[in-house]
Amino acid sequence: RHASHATQGTANRHSRDPAGKRLGAKRTAGEYVVPGCIIFRQRGTKWFPGENCAMGRDHTIYAAEAGYVRYYLDPERHSERKYIGVVFEKEGKLPVPRNAPSRRRLGRVGVKFEVEDVVAGEGEGVKGQGDLGAEEVVGGEKGKADMEHGDGLQLRPGYMYREANWAIGRAAEKAGITAKVYRRKNRWLAWRKRTAKAERAAQM
Numbered sequence: 001r002h003a004s005h006a007t008q009g010t011a012n013r014h015s016r017d018p019a020g021k022r023l024g025a026k027r028t029a030g031e032y033v034v035p036g037c038i039i040f041r042q043r044g045t046k047w048f049p050g051e052n053c054a055m056g057r058d059h060t061i062y063a064a065e066a067g068y069v070r071y072y073l074d075p076e077r078h079s080e081r082k083y084i085g086v087v088f089e090k091e092g093k094l095p096v097p098r099n100a101p102s103r104r105r106l107g108r109v110g111v112k113f114e115v116e117d118v119v120a121g122e123g124e125g126v127k128g129q130g131d132l133g134a135e136e137v138v139g140g141e142k143g144k145a146d147m148e149h150g151d152g153l154q155l156r157p158g159y160m161y162r163e164a165n166w167a168i169g170r171a172a173e174k175a176g177i178t179a180k181v182y183r184r185k186n187r188w189l190a191w192r193k194r195t196a197k198a199e200r201a202a203q204m
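Note that the sequence shown covers residues 1 to 204 in the working numbering.
There could be a bad hint or two in this list.
[Unchecked claim] Straight-line Cα separation of at most 16 Å, EDC-like style, residue types lysine to aspartate or glutamate; simulated pairs:
| hint | residue 1 | residue 2 |
| --- | --- | --- |
| 1 | Lys46 | Glu91 |
| 2 | Lys174 | Glu163 |
| 3 | Lys46 | Glu80 |
| 4 | Lys21 | Glu80 |
| 5 | Lys93 | Asp74 |
| 6 | Lys90 | Glu31 |
| 7 | Lys93 | Glu163 |
| 8 | Lys90 | Glu65 |
| 9 | Lys46 | Glu65 |
The hints are simulated quantities; they were obtained by calculation from the structure and are not laboratory data.
Given these sequences and hints, build the entire structure.
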């Protein structure tokens with residue numbers, strides 16, 4: 001017959017073979033990743049996040065640091081779990097020994113200090129920093145007096161020499177620069193300033 005309505009049996013036929021959800025590995029072992037890069041999509045926890053990796057709320061494993069992907073087992077941590085981690089060097093290996101120090105990316109470069117260099121530089125103060133003119137600022141009686149009164153360059157957080165903020169704010173006072181007293185009812189001056197500001201904006 002030529003029916004105009006669908007017959008029985010088609011209600012669930014279209015859901016038997018749905019489209020795939022694109023699960024699985026998105027980055028292979030040894031591939032370079034950046035923070036936030038998805039490494040593995042899964043349903044459930046077939047893989048667990050290891051070093052420098054994290055897990056999203058849908059069990060997606062993503063990189064927490066920039067580096068190279070590693071798939072590995074860690075029997076000391078868990079006998080059956082499979083882990084995904086990120087190492088900083090291309091030749092790095094996971095898992096690391098139990099008592100080995102943890103490696104973290106601090107944005108710094110390791111430099112080996114020589115004992116002879118440290119001892120030789122103890123009596124020089126901040127000499128050698130030619131860009132700062134440290135000899136003129138720190139050396140001599142004037143430099144010591146400035147340090148005692150809080151003027152001049154001081155060692156600030158971040159290992160740099162600079163003036164204190166309150167000293168910078170008094171620069172105009174020391175130079176004898178004074179500002180006109182603000183009068184709220186002087187609309188003529190306000191109009192002149194507003195016009196000058198509009199002209200400067202038009203020239204840009």
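Enumerated hints in conflict with the structure, sorted upward: 1, 4, 7, 9
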